[in-house]
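4 protein chains.
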Amino acid sequence: MQPEGFRDLAHLGSVELYTAVPEETRDFFVDLMAMKEVHREGDSIYVHAWDDYEAYTVKITGREQAGIGRTYLRASSPDALSRRVAAVEAAGLGDGWRDTEYGLGPVFHCRDTDGHELGLYFETKRYVPTEEHRPSLKNQASRFPGRGANVRRLDHLNFLAADVPAASDFMFGTLGARATERIVTDAGETAAIWYSISDKSYDVVYTSDWLGARGRLHHVAFATDTREDILRAADVFLEAGIHIETGPHKHAIQQTFFLYVWEPGGNRIELCNAGARLMLAPDWETITWTQAERAKGQAWGLKTIESFHTHGTPVIT
Amino acid sequence: MQPEGFRDLAHLGSVELYTAVPEETRDFFVDLMAMKEVHREGDSIYVHAWDDYEAYTVKITGREQAGIGRTYLRASSPDALSRRVAAVEAAGLGDGWRDTEYGLGPVFHCRDTDGHELGLYFETKRYVPTEEHRPSLKNQASRFPGRGANVRRLDHLNFLAADVPAASDFMFGTLGARATERIVTDAGETAAIWYSISDKSYDVVYTSDWLGARGRLHHVAFATDTREDILRAADVFLEAGIHIETGPHKHAIQQTFFLYVWEPGGNRIELCNAGARLMLAPDWETITWTQAERAKGQAWGLKTIESFHTHGTPVIT
Amino acid sequence: MQPEGFRDLAHLGSVELYTAVPEETRDFFVDLMAMKEVHREGDSIYVHAWDDYEAYTVKITGREQAGIGRTYLRASSPDALSRRVAAVEAAGLGDGWRDTEYGLGPVFHCRDTDGHELGLYFETKRYVPTEEHRPSLKNQASRFPGRGANVRRLDHLNFLAADVPAASDFMFGTLGARATERIVTDAGETAAIWYSISDKSYDVVYTSDWLGARGRLHHVAFATDTREDILRAADVFLEAGIHIETGPHKHAIQQTFFLYVWEPGGNRIELCNAGARLMLAPDWETITWTQAERAKGQAWGLKTIESFHTHGTPVIT
Amino acid sequence: MQPEGFRDLAHLGSVELYTAVPEETRDFFVDLMAMKEVHREGDSIYVHAWDDYEAYTVKITGREQAGIGRTYLRASSPDALSRRVAAVEAAGLGDGWRDTEYGLGPVFHCRDTDGHELGLYFETKRYVPTEEHRPSLKNQASRFPGRGANVRRLDHLNFLAADVPAASDFMFGTLGARATERIVTDAGETAAIWYSISDKSYDVVYTSDWLGARGRLHHVAFATDTREDILRAADVFLEAGIHIETGPHKHAIQQTFFLYVWEPGGNRIELCNAGARLMLAPDWETITWTQAERAKGQAWGLKTIESFHTHGTPVIT
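Chains as they are written, first to last, in the numbering used here: chain A, 7 to 323; chain B, 7 to 323; chain C, 7 to 323; chain D, 7 to 323.
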């Protein structure tokens, strides 16, 4: 079902990751994911994926513990932004406007019901390539790197949440996102739910936090152009000594071809490829997977790896 | 720039192709493109691509000459449909409602300024797979065929038009599509222009008809999941004696990986793959390619094939 | 080290598989592996992979239990054949000449030390395509099928053996094969050993049979042109209800990209792709993997599936 | 037909390229082809492809004009080397032994009938990776680079020759290579002929020099693991401003998937992928392509680019 306010948010803009080893995390994104460093400010290093039209893709911030900082969502227009801000304020989750973010105009700070920090904005600074990064084809943000995982852009976020139904109400009712797929346990609880704010089949996912903690991260995903990019990346990660958690394989849910690794700071990073799959139907009915269906594992029979249910960031002991 | 009414149209639904050899054209779509026949009615055969959620993808209609029949566009909601219908009627291009189309609810018949027939609708019949075509994964419309070109869905249409600026005004001002890229000649004329109604970088293209004819077709394109699908398809077409016109190669404009063939009826068919490229920016600025830039050929240096400027359907002598 | 008689055998020719459901096994090879039926004789159905220059690739023979029948090996010349026959006879493993095999000239029947049946030959009948299977390019055996797993040719065999060292002596000392890689347990026993008779990195493998049985089969492997063929095949097998045992993934040993399934008769079938890897060094030193290295699993961390150590054909209870 | 002495030569070892801009040529091989510099000596820079088991793959030598220096061929054994040296000396084409080549033991210098310099050898120095280049999997020569064209190994050479029949007699009668495919003109002349000394379908090609010059180079080719590597490389070359001459496309002859570029020194470099195609038949009959067949262009219809018949190195004016 299409929520009110669907399309007020245009797409995921950028994400802030916390790490205790910011330089190592930066090297992971630059050397292996094929991003480039574009800015440093305070404790943060900003890196940019080659076809992101905005100023940066990931803000890497030094912190004692890994985890996710603020997630930025771009609205479709100034009016659309106003509507969503009003809805968030009505829900009592607003934290006011800021005008100090690198690469962005005024940003409305807020939280989801689980405490994940969000930033809504419309004004943005286009990425302008330096001579070294100027592409040969002008319909592309910057030069094609052709190395490592070679990710084109940010794809989606998977938040761990203590209260998935509450977070779901917020995504649907307040932000205007539509649920495309979900897992419902035999007890009738939503174990995970996939939200789309675009023609992509998902942009934000909520997964039930097994520890009941709030505001944690399951993973951040980046899109590659081909499945072959992901196979090659697996060899690149192997050589670099990066922990390969599971994959490459294909999810049954959403049918994404995936590879999961842990960046040096401990955050789980996914490489994903959806082929030509899009969720074009305006009235797409949420698909529900049962516990039994989920137990079958991934599309080609791989069992879901145990650490998927034990590792989130920040790590809580 | 984002037009008024952007997002009122959700996506391209289906397309009707005329052919003097309907059974051969049907076999092309079924045997080589991996679609399946789902319906016959009058002079028409309906075929369905494996991940199309609607009842059919291409309607093949027997006619003396090849060419394009009606193109169906699905609206985002009943209200959105009403708004676009009102705009089309205001432009004097409406032909009234019909309720007799296979697989569709009420369809508003109309034309673009060049005479290409269009149909706007919201109500649609979901594809329901027979036992033979039921997929293993329920988030997919029908069984993965894994043969030939294995196209997932309809991707875009390229219309030849006598008056590209008029057609452009219609697309932008009446249908609410945004122009993402275009070619402007040294004389200042728009030789071709790419329109998007979705997050895809284009759904409908207008190319100047070198003969000044109206209502003709340059090509219809179908999306594959990978570039490898297109390479494999080239061998499949070679074995089947299908005319391979040009490719596989990569366009500079829109960066699409492509292969062009002529189906047995003579209509030009493209296989295309965009990788993970999407046009997520709500305020994307139209990119303009000059005549000189266009003369450089495709992305990797292949010259544009001469028959691209001499072959359209119906063929006019 | 290069054995005496290396290159006397040119390549693996064909293989006979036993199955209790020959028609279903035949359909697996034809519908999913993209072979074609070329001959029937007695209880056997002969199928041919699209770029096999010989008359057939797999002989499917109805039997009460699954397993492997005779494996055919082509010699490099009549003289080379004589040399290998003499060596086999000297080892007391010869069973004499036959001249009744479909598609082959005189065949010398023999056994390895474990009892697997072999056939050595030089004279062979080239595959001559029917009109329907005639390829467009004359340097290819038959028409490119472009469907399913689309395997090009037979790649290798993995025999289970009660006594791997004895079988190894036979391969090296009698047949002139070179060992390219092997697993040696902490107890100093060879758990598995990979033999090459060509520039491929392996053609025949011996794996220790956990039940101490003789003459059983671990798997038969077929080569695809790309890793993408294997990813697509995984979806094809999923749709067809074929048991996918493990993969797609990449072996650490030999670095093969693999997918294992069980054909309807129960025999384990591998799809494999080696990329551009060849064993060109004439003096390649056998690489030894320790038990600890083996325990790390496959190249990208997948653990070796348990059924690899419990399922062989014939199944013994 | 299998020549006498077939298998006395095991494989192509390495090749020397002349260039007026050795540092730029070096950067092409290191930055774009993913090799690494391993040695410098005199006017030469040695670079190594990631899965070459020998000390180096290409020797880049500064010279006034581009072209090919010495081509090194490894024999299968000391005895095999003696046999080929005796045959070359009998043909009057020997130039005596040298023991000063980097990475090689004693090398027998000689020429083909057209004057291309060759070096035959058996003793070789294995590539020993530095810590930085040590691979994770020990059955691989050095670390997987995962960047640019990412070529695994040298694949083949295409020599231009004034007298192709004479060079062919030398390859077949003296070096023991087998001809797998050839082009014969309507006048009965061999325009090009492909020779194999291994299980690969070709290692050395002779093409008729349109200027009747001697000792020139058409191209040197390097193998990638996948076709996707070649597609990605095309984008990498585009960004780097390298001249892309033709491709990616598929040859009809030998069915190689190809891309041709000119390195900064002007030598034509091919990226090639053969899929799983091997020439396993010991008695493969040479396939002959007529002038008319050749005129059809490449496998998928691309016409052979004009500069294929006008550009060789050294460039002669």
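Among the hints, erroneous ones may be present.
Where chains are identical, the list cannot tell them apart; a pair therefore holds if satisfied intra-copy or between any two copies.
[Unchecked claim] Think about it this way: if two alpha-carbon atoms lie no more than 27 Å apart in a straight line, the pair counts; the simulated DSS-like pairs of lysine-lysine are:
#1 Lys144 x Lys131
#2 Lys144 x Lys42
#3 Lys309 x Lys131
#4 Lys302 x Lys131
Rather than coming from a laboratory, the hints here were simulated on the basis of the structure.
Against the structure, the hints come out as follows:
Taking the shortest Cα distances, Lys144 and Lys131 sit within 27 Å of each other inside one copy (17 Å), while across copies they are farther apart (41 Å). Only within a single protomer do Lys144 and Lys42 lie at most 27 Å apart by alpha-carbon distance; the minimum there is 19 Å, versus 31 Å between protomers. With identical chains, the CA atoms of Lys309 and Lys131 are never at most 27 Å apart, being 43 Å at best within one copy and 36 Å at best between copies. Proximity of Lys302 and Lys131 under a CA criterion of 27 Å is satisfied in neither setting, with 45 Å inside one chain copy and 31 Å between copies.
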